[in-house]
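Work out the full structure, taking the sequences as your base and the hints as a guide.
For the record, the sequence lines run as chains L and W.
Reading the first sequence from the start, the letters are residues 1 to 412 in my numbering.
Reading the second sequence from the start, the letters are residues 1001 to 1412 in my numbering.
Don't read these hints as lab results, they were simulated from the structure.
There may be inaccurate statements among the hints.
[Claimed, not checked] Taking lysine to any residue and the SDA-like style, the derived pairs with C-alpha atoms no more than 25 Å apart in a straight line are: (1) W:K1212 / W:A1023; (2) L:K179 / W:D1044; (3) L:K140 / L:V115; (4) W:K1144 / W:K1223; (5) L:K268 / L:R412; (6) L:K231 / L:E173; (7) L:K240 / W:E1112; (8) L:K212 / W:Y1119; (9) W:K1154 / L:Y248; (10) W:K1116 / L:D197; (11) W:K1050 / L:R51; (12) L:K403 / W:R1105; (13) L:K363 / W:H1131; (14) L:K264 / L:A341; (15) W:K1050 / W:V1115; (16) W:K1058 / L:F14; (17) L:K264 / L:E254; (18) W:K1104 / L:N391; (19) L:K144 / L:Q27; (20) W:K1223 / L:T10.
2 protein chains.
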Amino acid sequence: MKSAILTVGTEILFGQIVNTNAAYLSQQLNGLGFDVLYHFTVGDNPDRLKRALETCAKECDLIITTGGLGPTQDDLTKEVISEFAGCRLTINQEAMDRIEGYFKRSGREMTENNVKQAYVPEGAICMQNDHGSAPGFICKVDNKTIMSFPGPPKEMMPMFENSAIPYLSTMSEGVIYSKFIKTVGIGESLLETEIMDIVDAQTDPTIATYAKDGEVTMRLTSKRSSAEEAKAAVDEMATKVHERVGNYIYTEDERSFSEVILDKMRDKGLSLSSAESCTGGLFADAFISIPGSSDVFDRALVTYSNTAKMQELGVKEETLAKFGAVSSQTAEEMVSGLYEASGSDICVAVTGLAGPGGETLEKPVGLVYTAILAGGKIRCTENRFGNMDRNAIRRRSMLAMMKLIYDYLEDR
Amino acid sequence: MKSAILTVGTEILFGQIVNTNAAYLSQQLNGLGFDVLYHFTVGDNPDRLKRALETCAKECDLIITTGGLGPTQDDLTKEVISEFAGCRLTINQEAMDRIEGYFKRSGREMTENNVKQAYVPEGAICMQNDHGSAPGFICKVDNKTIMSFPGPPKEMMPMFENSAIPYLSTMSEGVIYSKFIKTVGIGESLLETEIMDIVDAQTDPTIATYAKDGEVTMRLTSKRSSAEEAKAAVDEMATKVHERVGNYIYTEDERSFSEVILDKMRDKGLSLSSAESCTGGLFADAFISIPGSSDVFDRALVTYSNTAKMQELGVKEETLAKFGAVSSQTAEEMVSGLYEASGSDICVAVTGLAGPGGETLEKPVGLVYTAILAGGKIRCTENRFGNMDRNAIRRRSMLAMMKLIYDYLEDR
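Encoded structure:
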């Protein structure tokens, strides 16, 4: 079944609020087996809201609206929907009782405009609001279903979960199953080339790739008559994808790369430290931002100046003079010095040229050395991150450090 | 002038990504004097994209699209727009050269599908991409202007600022002048209360406040017949705002707090180091992410474990045992130890409880101590960041460290 999400609120068109409701509802609807064809946002303007309803109704069986159910003058969603449905608004006594009770309990005076909130289109199913005063409602216009929710996420989300999901479950045909497959170390276009025949042959399951900040995520989705069938179809495709690009895959759930590494290291009882130059604390932050990282993460020595590299990590002045700060020799001395200071089971180091200045013929911007010392052995890699800005290079450098750890843990 | 923002991407309809682009573009367009009538999101589906273009073009003079300019099969925005405009796609040589250069520099193989990215609708103005490979473009269809940007915010935002704002400024009637006033250390509602009469009396200039990640930014905007008039009106209002909340203002331009501090320190020839526990490298990252920060930033010792605090910073075991890691005593020993190690002109330290676990009656989640050692004196502050998640507390802690430095530099 086809659906659209219609958000009402001038504050969104001003950019004052990010439309997180649309993302939440999309996830929910997709999970329930609905295709979401459109997100549409209009301001508190009855004509445009009506046109948006008409546009959505042309193609969609289900229209979900959020916003514009409140007590003030510019809350017009109900009025427009009842006009669209050709019915009038009637008072819902349960909603009215709840609104009166709400004001009584809070000791605040109920103003006249709050009565307005208890009205819903005639014949609609009312969805009560446990976290605010404006109720939602479900109504039918021809063969289309319109469900209207209040705008604040704290009111909308519980109402959706309590009242909408049971209703929608009876409407949807089939069950959707999705799986994320997340990769590091391969670009989106190369990845797509590797799996092109799978992409080309897709009907169900479908496969979609998304690139963000140096990682590429694939989403495999199947819609079948039972959850088991859908899962089996997705798993079969996932196996094929693994055969092609398995070396770059780090997880099939929603965890970040650092979370996956942290979990693996915690399971093995290993400790972690980093010596960072160009990443400047990004690597440490990716771990310390995770609750419970203190089980694993010990310290990061962010030695940005050459003096700091010598003083904190014992990098030799001759090494810096002969090979430069951006060199495999410096990266190896950094990681060795870090191990001496911390004794952590896994030590990683990075030194690179993030630019924009400082480029030479031999050492272009984007040249980055990463090193790992674990199990008594050092491994160092050279990376060339071209045509990126400073912070993209720094992020890629961080991912390269993580890839060294991941590959060590996977013994590959 | 009327405008619409049209987002292209199935990942948004799946709810995998929140549409922050639409919020950013709305803020920008409103600031430039455009009314935003619609946000519209469609998937990677040519028919629906075409219908959405038609719907927007009925009412709007300007349509901004984001997404669907990449190299893969499902990137179809350009194809649909050129069909809508009744023109063909032609190769843009500068974009092609940039894409080839990108692959050459990064040493990666350029796949066939990357060539696709260099095509733009015939007659369009090409907007080069300094942060990725897909260029954007501006084209005219009848009297309507269509501007297309890549989807990743890191590519879209600089392209908008460098190429679109100068173009759009000539389209808008009258001259717009805007000024940002950025604050740290005051909440949005308190700030609004302080300037409420200015907000209430606004017609032109307008004043809008935006709260994000612990900072509140005001944007003052005037639209007059000449640039001088608009600037004079904004400056007059800015003076009033300064009188009310000047102690919290750190800049009137678009620099971040760390950029402002870095520039001040560079001017004075001062060096900077940090000792971080709960912030875990966030503070260092805020500086090292800025090009040229090596003039000022020396090192960060991210001592997450107690052992690291003792080994790297000389924090005493007795201090940790008696007062705990989260205490003013530990913060002061951290900053002293950092000064001994680095000799930096300004040393700052932080230790706090970011949670969610580890809370006690005396030490709630959000208790954070920050210390500065500069000019031979230590100053330590206690902060209580309640009712926030781990990473919001970590970010507030970082801002508190910066505020200590800023106030020292301003001698207040």
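For each hint given before, does the structure comply? Return the numbers of the non-compliant ones in rising order.
none
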